[in-house]
Amino acid sequence: MPLSDHEQRLFEQIEQSLSEDPQFASAVRAHDPAHVTRRRLILAGIVTVLGIGVVIGSVIAGGDVAVFGAPIGAVLMFGGLILGLWAQRRGTNVKLKAVDGKASRSVGGSKPPKPGGFTSRMEERWRRRRDNGDIF
1 MPLSDHEQRL
11 FEQIEQSLSE
21 DPQFASAVRA
31 HDPAHVTRRR
41 LILAGIVTVL
51 GIGVVIGSVI
61 AGGDVAVFGA
71 PIGAVLMFGG
81 LILGLWAQRR
91 GTNVKLKAVD
101 GKASRSVGGS
111 KPPKPGGFTS
121 RMEERWRRRR
131 DNGDIF
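For the sequence shown, the UniProt record's numbering begins at 1 and goes up steadily by one.
Hints in this document: simulated from the structure, not taken from any laboratory. Just so it is clear, the structure is predicted and the values come from calculations on it, not from any experiment. Be a bit skeptical, because a hint or two may be false.
Claimed, not checked - Pair by pair, the computed Cβ-Cβ distance ranges are: (1) PHE118 - ARG38: 45 to 51 Å; (2) GLU15 - PHE78: 44 to 50 Å; (3) ILE72 - ARG39: 35 to 41 Å; (4) LEU50 - GLN8: 34 to 40 Å; (5) ARG121 - VAL36: 31 to 37 Å; (6) THR92 - ALA27: 23 to 29 Å; (7) ILE72 - ASN132: 54 to 60 Å.
Beta carbons: idealized from backbone N, C-alpha and C, even for Gly.
Could you build the full structure based on these sequences and the hints that come with them?
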């Protein structure tokens, strides 16, 4: 149902006043799933690069530094990669919810799961190929 002219003007005024409020914009941005995912991915990249730097620096320094520095750097690299994978995975499964919790919608183009697993799909492809007489 379309909005009346009066409702449309009110809506535009509200939208204009909200867009000019920097506190509201930062509050919305702080809880935006895409922004949170991006921030976590950047943090994961920094931790990974820091780990690589620690490994390279400890190997260059040699001696006792390499004995303790290289494993610490490897743990940092591994932790950064795990954090990045975790953030990327959580970013694709995000759900937005209304403030009162009544409405929700998923973000990120999530598709409903297909029936059967990987093997059943491969078996179906094999059957179709064999039935159609395809070689490749």
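- Task: Enumerate the violated hints, using their earlier numbering and listing them in ascending order.
- Result: Hints 1, 3 and 4 are the ones this structure does not satisfy, whereas the remaining hints hold.
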